[in-house]
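Going down the list, the sequences are from chains A and B.
For the first sequence, numbering that gives the first Met the number 0 begins at 0 and goes up steadily by one.
For the second sequence, numbering that gives the first Met the number 0 begins at 0 and goes up steadily by one.
These are calculated hints, taken from the structure and not from any lab test.
In this text the structure is predicted, and so the values were computed from the model without any measurement.
We put the CB at the ideal spot given by N, CA and C, even for glycine.
Do not rely on the hints blindly, as some may be mistaken.
Cut-off 25 Å, straight-line C-alpha distance, at most; resulting in silico cross-link-like pairs (DSS-like, lysine-lysine) [unchecked claim]: (1) A:K166 to B:K545; (2) B:K519 to A:K56; (3) A:K64 to B:K10; (4) B:K254 to A:K64.
Covered by chain B, according to a simulated footprint, are these stretches of chain A (three or more residues, beta-carbon under 8 Å) [as the list claims (entries may be wrong)]: (5) 77-84; (6) 107-118; (7) 132-143.
Restraint ranges, calculated between C-beta atoms of paired labels, are given here [claimed, not checked]: (8) B:Q491 to A:L30: 16 to 24 Å; (9) A:Q79 to B:L475: 28 to 36 Å; (10) A:Q79 to B:L486: 41 to 49 Å; (11) B:Q538 to A:D103: 22 to 30 Å; (12) B:Q477 to A:Q79: 23 to 31 Å; (13) A:I5 to B:K547: 31 to 39 Å; (14) B:Q538 to A:A9: 50 to 58 Å.
Residue-level listing of the chains:
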Amino acid sequence: MNFIKITLIAIVSSFLFACSSQPEPSTQYYLFPYPENKALQQRVEIALNLELAPYLKTDSIALLKEGNLLQFAHYHRWAQPLQVSINESLVDKLSNQLPGKVVDDINQLGGLQLQIVRFHGNLQGEVMLIGAWSIAQQKPEKFILRMQQSAEGYDDLVSTMDLLLDKLVQQIVKQLI
Amino acid sequence: MQTPTIKKRTKLSSVWIIPLFAMLVSIWFVTQHYLNRGTEIEIRFQSAEGIEAGKTLIKTLNVEVGVVTKVEINEDLLTVRVLARIKPEATNLLRQDSQFWVVKPRIGSKGVSGLTTLLSGAYIELEPGNDYPGKTSFVGLENPPLNRTNKDGLNIYLVSDASNSLNAGDPVLFKGFEVGQVTQIEILNSKKLKTNIFIESPYDRMVTSNSRFYNTSGVSFRLNAQGIDVFSDSIESTLTGGISFDLPATLSPGKAVTDGTEFKLYENKMAIEAHPYQYSVDYLLLFERSIRGLNIGEYVEYRGVRVGTVVDISFDYLPENQFDSANAPKVPVLIRLDPGRILGEDSPAAVEKLTKILNRHVKNGLRAALKTGSLVTGQSYIQLDFYPDQSKSIFNVGLYSSIPTTHDDLDSMLSDIGVFADSLAKLPLTQTASQVNNMLASAEQTMQEATQLIQSLNQFAAQGKQLIEQPSAQELPQKLNTLITELEKTLQLFSNEKGLASSLDITLHEVQSTLRSIQKVADTIESKPDSLLFSSPRQADIVPGKDK
């Protein structure tokens, strides 16, 4: 009898526990690190015309799962539109690294045109940034940049993406000076 | 003792009556049998296919009139002799022109016949003729006769140059309806064929002396100065061949014809339209220029009215050695003029009359000229017309008379110039001159009005100058400048990147993002309607760099 009681209690409790759900993970929001400008007051800001691929205009962080399969994270999102973040980050970085005269010249020619067609990470930890930049009506300079994440996770992905933007800025500065 | 009285009985015993009666009856039977046996006849056939002694019947119009009694091979070993008995009541059918043939299943271009004999077996058809009776030996036909002697109709002979794939049994059509058939085709000589046709009553009345017979086999095309003509008759005759008859468009029905009348068989319908008349005159034309574009069958016209046809183009018509000896040999063209078209009379008398008339006209300047009928196809035709400045007469070339020819190119140009001059002369020049005068007068008036207009314009300009010199008008440019500066400032506000345009852009982006989220929600509800109430467990996001 005792055995039957214990068995019944076990079955009923297993039914009841089955109905309970796990606590849902909360949504995380990310932002690129804010650049540390040394002489924010004196510098001339570069005019940047940024054009993002349509898939980057969503709040969710895009991640290449395997092959051509792209997945948008549900619990990991951009705190503000990527268009604004990248624009802000690049304008700061370029304005800091380029001499004021060069920035003036570029602004007179209608600013820097930048087009980003791919900007995402993958399960292997590789982050890629593909696109092209140009000044006035010159031939666009294409770029394909890759970088490996140092650790797994979304936080490190965003840091690596910021590093890739640094790398792009260096490449542009190298071409212009 | 009584002595027996012996009486001699001279009379025969009445017992004998019985055998006598029996004998009489037998004689009567035998006689009856012989009388009812009927007439024995003999028919010769090429083969005895389907004929059996004692079984094969002889029928007329499907009524049994006799039976075959014996079948044997003739002495010549090539034909068979069929002996048959015809019932006494049918002996009247055995006439001089009676015909016999075997009815058996036949399949041909005319269809299937004799199918009933498949089950009943072949029989011999006897078709009684119209002659006197009393014949007992006949020659059987291999095929059923095409013209039944018991049918009313008309037998006609057609003479043609070639057979044109005609066969016995082909249909004779009138306006597309079958009215008879070809019964026989004979070869007269290497170039002529004689086709016998039979036209059934009452359609035989359609055949008149003016009827023209033509071959309807196949489809014929013709390209000439008037365009393209296509002729074809019924599908049956197009495929299997046949003969049609009709009246040419220009002729009225002639006299009724009798049995055995001979007609010409034309090649096709175009041929009967080309030469619908029986009587015609041939002339040879000699051209000094190229006749390229002129075809046989082309029209000969007198001032646009058709009077004949081009029959042939060949150097054969030149007398011997003419081509070799002449300096620049002319090109002979044979034309056929129809008195029926010109004089409305189709008779030998009309031919003579036309010859005389043409002789007279040629002396007065009638000439033949080659003209271009169609600039598109380049086809030419022959035109007869008067060219009064030339005087020649008809001369003979070989067997034919020749109408003099002329060049027409220059002539047509001259006549065109004449027409142009005529129309120039008809122009209303006097009227035009008076109209010009009127126009000049009104132009003068307009000029005066224009001067007045210029004067008032001058006044207007002076007034305008006064207006501009006023101080309020002077201030206007400055005010405009201020307005423009203000406008520029406002526009700058809009164009500034961090200003209104930028925030508008962001708002738009957010609206787009919201719309996309709504679409996602809609998709989820569509695929899982209960997801509004019961949240489905969502898997945790994949982690970047997990597989490193």
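Right, here's what the structure says about each hint:
no.	hint	result
1	A:K166 to B:K545	holds (24 Å)
2	B:K519 to A:K56	holds (15 Å)
3	A:K64 to B:K10	violated (150 Å)
4	B:K254 to A:K64	violated (104 Å)
5	77-84	holds (count 3)
6	107-118	violated (count 0)
7	132-143	violated (count 0)
8	B:Q491 to A:L30: 16 to 24 Å	violated (31 Å)
9	A:Q79 to B:L475: 28 to 36 Å	violated (50 Å)
10	A:Q79 to B:L486: 41 to 49 Å	violated (34 Å)
11	B:Q538 to A:D103: 22 to 30 Å	violated (52 Å)
12	B:Q477 to A:Q79: 23 to 31 Å	violated (48 Å)
13	A:I5 to B:K547: 31 to 39 Å	violated (47 Å)
14	B:Q538 to A:A9: 50 to 58 Å	violated (29 Å)
Of the numbered hints stated above, those contradicted by the structure are hints 3, 4, 6, 7, 8, 9, 10, 11, 12, 13, 14, listed in ascending order.
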